[in-house]
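> Based on the sequences and whatever the hints tell you, model everything.
For reference, the chains in residue letters:
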Amino acid sequence: MVEVTLWGSLGAIAGGKSKVEIEAKDIRELFRKLAEQYPGFEPYIDRGIAVAIDGVIYRDTWSKELPQGAEIFLLPRLAGG
Amino acid sequence: MNFDPRYSGRNFASVGTRPIRPDGVDKVTGRARYGADFNMTGQLVGRVLRSPHAHATIRKIDTSKAEKLNGVKAVITAADLPDLTDGDAALYDILDNCMARKKALYDGHAVAAVAAVDARTARQALKLIEVDYEVLPHVTDVDEAMKHSAPVLDDTIFTEGLEQKPVKSSNVTKRSQYGHGDIHEGFGRADFVVERSFKTEQTHQGYIEPHACVASVSSDGTADLWVCTQGHFVYRQHCAQLLGMEASKLRVTSSEIGGGFGGKTHVWAEPVALALSRKAGRPVKLVMTRDEVFRASGPTSATSIDVRIGARKDGTITAAEATLRYSCGPYAGMWAELGAMTAFACYRLENVRTVGYEVLVNRPKTAAYRAPSAPMAAFAVESAVDELAKEIGMDPVEFRIRNAAQEGTRSSYGPVYGPIGIGPTLEAAKNHPHMKAPLGKNQGRGMACGFWFNFGGQTCTDLNIGMDGSVSLAVGTVDVGGSRASLSLVAAEELGIAYEQVKAVVADTSSLGYNDMTDGSRGTFSSSMATISAARNAIKILRERAAQMWDVPVDDVVWENGHAIAKGEKYGNLAALSLKEIAAGSGKTGGPIAGHSELVADGAGVSFATHICDIEVDPETGATRVLRYTVVQDAGKAVHPTYVEGQYQGGAAQGIGWALNEEYVYGKDGRLQNPGFLDYRIPVCSDLPMIDTQILEIPNPNHPYGVRGVGETSIVPPLAAIANAVSNAAGVRMTHIPMSPPRILAAIEAEREWSK
Numbered sequence: 010m011v012e013v014t015l016w017g018s019l020g021a022i023a024g025g026k027s028k029v030e031i032e033a034k035d036i037r038e039l040f041r042k043l044a045e046q047y048p049g050f051e052p053y054i055d056r057g058i059a060v061a062i063d064g065v066i067y068r069d070t071w072s073k074e075l076p077q078g079a080e081i082f083l084l085p086r087l088a089g090g
Numbered sequence: 140m141n142f143d144p145r146y147s148g149r150n151f152a153s154v155g156t157r158p159i160r161p162d163g164v165d166k167v168t169g170r171a172r173y174g175a176d177f178n179m180t181g182q183l184v185g186r187v188l189r190s191p192h193a194h195a196t197i198r199k200i201d202t203s204k205a206e207k208l209n210g211v212k213a214v215i216t217a218a219d220l221p222d223l224t225d226g227d228a229a230l231y232d233i234l235d236n237c238m239a240r241k242k243a244l245y246d247g248h249a250v251a252a253v254a255a256v257d258a259r260t261a262r263q264a265l266k267l268i269e270v271d272y273e274v275l276p277h278v279t280d281v282d283e284a285m286k287h288s289a290p291v292l293d294d295t296i297f298t299e300g301l302e303q304k305p306v307k308s309s310n311v312t313k314r315s316q317y318g319h320g321d322i323h324e325g326f327g328r329a330d331f332v333v334e335r336s337f338k339t340e341q342t343h344q345g346y347i348e349p350h351a352c353v354a355s356v357s358s359d360g361t362a363d364l365w366v367c368t369q370g371h372f373v374y375r376q377h378c379a380q381l382l383g384m385e386a387s388k389l390r391v392t393s394s395e396i397g398g399g400f401g402g403k404t405h406v407w408a409e410p411v412a413l414a415l416s417r418k419a420g421r422p423v424k425l426v427m428t429r430d431e432v433f434r435a436s437g438p439t440s441a442t443s444i445d446v447r448i449g450a451r452k453d454g455t456i457t458a459a460e461a462t463l464r465y466s467c468g469p470y471a472g473m474w475a476e477l478g479a480m481t482a483f484a485c486y487r488l489e490n491v492r493t494v495g496y497e498v499l500v501n502r503p504k505t506a507a508y509r510a511p512s513a514p515m516a517a518f519a520v521e522s523a524v525d526e527l528a529k530e531i532g533m534d535p536v537e538f539r540i541r542n543a544a545q546e547g548t549r550s551s552y553g554p555v556y557g558p559i560g561i562g563p564t565l566e567a568a569k570n571h572p573h574m575k576a577p578l579g580k581n582q583g584r585g586m587a588c589g590f591w592f593n594f595g596g597q598t599c600t601d602l603n604i605g606m607d608g609s610v611s612l613a614v615g616t617v618d619v620g621g622s623r624a625s626l627s628l629v630a631a632e633e634l635g636i637a638y639e640q641v642k643a644v645v646a647d648t649s650s651l652g653y654n655d656m657t658d659g660s661r662g663t664f665s666s667s668m669a670t671i672s673a674a675r676n677a678i679k680i681l682r683e684r685a686a687q688m689w690d691v692p693v694d695d696v697v698w699e700n701g702h703a704i705a706k707g708e709k710y711g712n713l714a715a716l717s718l719k720e721i722a723a724g725s726g727k728t729g730g731p732i733a734g735h736s737e738l739v740a741d742g743a744g745v746s747f748a749t750h751i752c753d754i755e756v757d758p759e760t761g762a763t764r765v766l767r768y769t770v771v772q773d774a775g776k777a778v779h780p781t782y783v784e785g786q787y788q789g790g791a792a793q794g795i796g797w798a799l800n801e802e803y804v805y806g807k808d809g810r811l812q813n814p815g816f817l818d819y820r821i822p823v824c825s826d827l828p829m830i831d832t833q834i835l836e837i838p839n840p841n842h843p844y845g846v847r848g849v850g851e852t853s854i855v856p857p858l859a860a861i862a863n864a865v866s867n868a869a870g871v872r873m874t875h876i877p878m879s880p881p882r883i884l885a886a887i888e889a890e891r892e893w894s895k
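Chains as they are written, first to last, in this note's numbering: chain F, 10 to 90; chain C, 140 to 895.
Don't read these hints as lab results, they were simulated from the structure.
One thing to keep in mind: the hints can contain errors.
The calculated BS3-like cross-link candidates involving lysine-lysine, where the alpha carbons are at most 25 Å apart (straight line), are [as the list claims (entries may be wrong)]:
1. C:Lys895 / C:Lys529
2. F:Lys42 / F:Lys73
3. C:Lys241 / C:Lys418
4. C:Lys304 / F:Lys28
5. F:Lys28 / C:Lys313
6. C:Lys575 / C:Lys529
7. C:Lys207 / C:Lys338
8. C:Lys338 / C:Lys529
9. C:Lys304 / F:Lys26
10. F:Lys26 / C:Lys679
11. C:Lys569 / C:Lys529
12. C:Lys286 / C:Lys304
In silico negatives: residues of chain C with every beta carbon more than 10 Å from chain F [stated by the list, open to error]:
13. Arg198
14. Arg390
15. Thr428
16. Asp445
17. Pro511
18. Asn593
19. Lys642
20. Asp694
21. Asp695
22. Asp826
By construction, the Cβ of each residue, glycine as well, lies at the ideal position given by its N, Cα and C atoms.
What follows is the structure in structure tokens.
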């Protein structure tokens, strides 16, 4: 079980929660279970969500494992120049 | 991905040296081929008809007269680019921006296009196209666009991110919020509070090369596109989707690029060129004029930002908040959100809140400019930080060091930081001789910090070893700042051979797997990771071939300094085999030797910089002169230090232009008044001192060589550093960018009046 912190707009979709607990071993499973529990997440996942694991931001490595006790933070997918 | 990206702490032979870039001779002799340098037999000239109105409904377009003009081979409107976006809102916006559908949303919005046998005929044809507009009220100012009385650009927009969905549509597409703690409690503990409002005007990246492409669609449905871009794979994807093609049937070749900085990250005219070619049955060359680049490509947001920061007497910040309003042009974006995320990222704050508002205006579609949105936020925050330090009576560097984020700090955008470089850049700035140099009359010194995320992305690389032992490296990230040299160094390092043995090229979309574009400071970070991986795969094959040549088990063969070596006393008489020797025999040991890599490079690591600037202000005219400028930034590992310095200097130079001169000026009619380099003044060499750089190397733990991105962060601190310097020189706080002479003079005179 990992604790996931949501940013503002996602929190609103999760019924006003800023944190949710999910049983997930990697980013792929995290997104799948989030979409199951909160269907409103799907368009955000399609648009792109980045996952910060202990401060390191992952945009595309969905196979990245979520270590127990790690700080997991969802962020909007970033644009760059 | 069977590749370990962790930092290994190795010593380097090639990486960190400064060889001549492989594309240098072609560029200085004019042989290099940029977007407009490509030509095809029978090609037509493409030209675009643009709206003269800032906001207008397109009631009807009559192209019949243009079509009848001798020499005109195709005329297109939005009807020739049907909506194939399948509900993808972002792609629909790109489509609508390429060719207006129902409404023209800004001065310069494309409404039709022609392909003709020559430029003269094409221009004549444009004049024959009759567009029936219903002119609508417009709004170009970000604050005005938020008012209830403002004309609404899109009545289907209801602000996202509010607790309750609004009942009325508006120009505010989204509200975003970041932060933690209790700012009210924090401000309650503050002994000093600074509260200011700031504005920044819209600027353009100012790349010297305009957008240019040649499109050729064959009757069998395949197509070629030769184009100046930061990401030819992304362009292929966008163009294929918008034209209803299979991606594999569209080959996109990227030209050399005369600057992009974020402005060439998505398509503007390329689908139009392809649609013209498809209709005409001939190749079409489409090159934007400078006027078109300003009016109809992607400048930055204009912004309006309120900042409040409180601190105790001892210099500890107790609370900080900012409200950021960013213009997006006529299409939704995440520009204010990026400002809200980055605004206070340099600091360790118990209580912080930022709120961003994305605002639609009748201006061109906003695009990224290096670290998008961060420079404006840093300008506002770092100006207030400087003022607060002054009020407390602390040195501005010491005040920042006291409050700087560090490992374990919860960032203002959410996650807790790992090892970061803001502290070392501040310490280096504090100890830099620049900080102690004397200043003269009317001269001021300013400094500021900046933050940017950096990121990686999808990357694919091929490394082929020729039979003569030379190495061809094919990468898919467009070289915007010397990455072919850097990646050749990386391949040489990994293989243990000389830099001169490696030749890197940017492969076209049919020759390599998909690559994300060169943005987010990812070019060298990502492609070096893929190059290391590809080289390691090639080394595995080189060891196998050497084992064959010796007839020994491959596990007994290691790779050291460019040679295969059979380990163990029993092989004592075997001379090491060089890469060249193994390559020469490859035809008899299994054929060509190559290494391939496809991976997602993640873990780029956040980046920080501190800049110092000295400015002289003429109090009679408001004119400014940049006397000295120093950039201190963490590179992780500088693969080719000269190009890292070039990125630092380039960001600073662009930031200086943004801070002091550059500005989109709109008339009351909503039309851009200064779409040219005479009236939109970017800095030239004579405006700038030599920009001094200091590279810090704090290894990124998520890259084998410790590399971080370096391309974007250098544009974050300049607006603030220069504003602080000008404010110190002029004796008045500057709150509006650009600080052009009239604006500085007005501020000085207002201060004089106030002091009377």
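> If you test the structure against every hint from before, which numbers come out violated?
Hints 7, 10, 17, 18 are the ones this structure does not satisfy, whereas the remaining hints hold.
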